[in-house]
Amino acid sequence: MQRVADIKSSSDRSETDREFADLLRPLIEPGFRLALAMLHDAQAAEDAVQEASFTAWRKIAKVQDQGRLRPWFLGVVANKCRNARRRAWTSVVSLGVPEHLSVVSAEERVVRGSDLRQAVAGLGHDDRLVVVLYFYLDMPLDEVSAIVGSSVGATRARLYRAIKRLRPGVDLEEAMR
Amino acid sequence: MSLRRDLHAAFDELEPSMFGLSDRVVDAVMVGGRARRRREGIVFRLKAPLTLVAVMMLIALVVGALIGGKLVQDWNATHSTPAGGLTRAQQIADLEARPWQQPLLQTGAVCPDGPKDSAGVYGSGTFHGDPRLGTGPVQTAWGTYFILIGATDSTATGLMLIRARDMHTGASLVFVGQYATGLVVGTDTVRGVAGQQRVEILLDMSHRPTGSAAKGPNGSTYWSITVGAAKAWPSCVAWQVDLTGYTEAFSFAY
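Protein sequences appear in the order of chains A and B.
Position in the first sequence (from 1) plus 1224 gives the number in this note's numbering.
Position in the second sequence (from 1) plus 720 gives the number in this note's numbering.
Treat the hints as calculated values from the structure; they're not laboratory data.
Keep in mind that the hints are not guaranteed to be accurate.
[To be verified] Have a look at the derived ranges for each label pair, beta carbon to beta carbon:
1) B:Val773 with A:Asp1265: 51 to 57 Å
2) B:Gln793 with A:Arg1282: 49 to 55 Å
3) B:Asp743 with A:His1349: 17 to 23 Å
4) A:Pro1392 with B:Val782: 54 to 60 Å
5) B:Asp743 with A:Ser1338: 30 to 36 Å
6) A:Leu1396 with B:Val782: 39 to 45 Å
7) A:Tyr1384 with B:Leu772: 34 to 40 Å
8) B:Asp743 with A:Arg1310: 26 to 32 Å
9) B:Ala748 with A:Asn1307: 15 to 21 Å
10) A:Arg1310 with B:Met776: 27 to 33 Å
11) A:Asn1307 with B:Val773: 56 to 62 Å
12) A:Asn1307 with B:Val783: 36 to 42 Å
Ideal Cβ placement from N, Cα and C applies to all residues, glycine included.
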């Protein structure tokens, strides 16, 4: 197991930077997608990822296990998103999601997507985070729970509650697929 | 459609091209990271002394407020002008200047015990003395003390100055304890408490003692007064109570 902290002990600065860049690069895209789904704003999402990357650059030595780097980094991104929303809070109205649409036109799909995004935006930060990580970033529950910082059971319960708010009356097991 | 597919569709609509995003972010971190770290280091190094300065300022503020409050309290205690435009010191001086009203007893004369009210309590004004509520005598090497209980009516206001004298010799009795005031004539230890002997007591009606032991009937207040006489307790003691615009006198026979 490679210790991430080891890269900080290198005396060769450029080598250290290259190693850090190699670790960070594959995390940028999932970080950006997470931030985008949390903030609904591409520029704000890129800023959040940028800030998270600076934080990672400073604190990466604290991550002892390379296998935990991805959930740790996404957790940092989630925190940056929380801070970004606190700074520039925009009111969100949950319009619900039309249930009756089975065949949708392109225009209807846009409307439906907008409604769903607004419904997700209406969730609390932690609920929104588990929904985005699980459904949009397709992460397994144990990794989601590691990012959120709670147990798998608690994360599952949180996810169920969020699903019920997004899709009242939906079968939970079906929705989890 | 499943929720997963719906969410993908909803957020994919927002997703711009991520071409070059990773390189952009990584380059920015590499270039700006060190400068930012140096800046944050400076800010951190500044923050520590600033925090120390803030803490010291807070302490100074609290100490200043306490000292200032005490000074204001002391100033008000000695310079406030609650009655008749006189300061507290002027009021006390005015009360101390009142002439003593009870003449010495002639040899062989009977002590004029009283006046008392119908309940057998001394005093005809807003101050009442009831020796039955007192304790003593307490003997010391210097003399004899009694701890008496005086009562003031709820209607009494301002400052009340009380003096006591031996009606045979004219010698002032002494007071010790928190209400003792005026000229210091000595020190003594009464019931294990050392204190100065003074010739007057001053009761401030605006600072009445609190607590259940101090609450008398009809809103009156009990004051614990320790009074002493050199050697043996006199057989006849005259008391004079002076308030603003009012004086009352009575005597105890022992």
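Now for the hints, and whether the structure bears them out:
1. B:Val773 with A:Asp1265: 51 to 57 Å: About 40 Å separates the Cβ atoms of B:Val773 and A:Asp1265, which means 51 to 57 Å is violated.
2. B:Gln793 with A:Arg1282: 49 to 55 Å: holds, 53 Å
3. B:Asp743 with A:His1349: 17 to 23 Å: Taking Cβ atoms as reference, B:Asp743 and A:His1349 lie about 30 Å apart, which means the hint is violated.
4. A:Pro1392 with B:Val782: 54 to 60 Å: Because 55 Å falls inside the window, the suggested range holds.
5. B:Asp743 with A:Ser1338: 30 to 36 Å: holds, 31 Å
6. A:Leu1396 with B:Val782: 39 to 45 Å: violated, 57 Å
7. A:Tyr1384 with B:Leu772: 34 to 40 Å: violated, 50 Å
8. B:Asp743 with A:Arg1310: 26 to 32 Å: holds, 30 Å
9. B:Ala748 with A:Asn1307: 15 to 21 Å: holds, 18 Å
10. A:Arg1310 with B:Met776: 27 to 33 Å: Because 32 Å falls inside the window, the suggested range holds.
11. A:Asn1307 with B:Val773: 56 to 62 Å: violated, 28 Å
12. A:Asn1307 with B:Val783: 36 to 42 Å: holds, 38 Å
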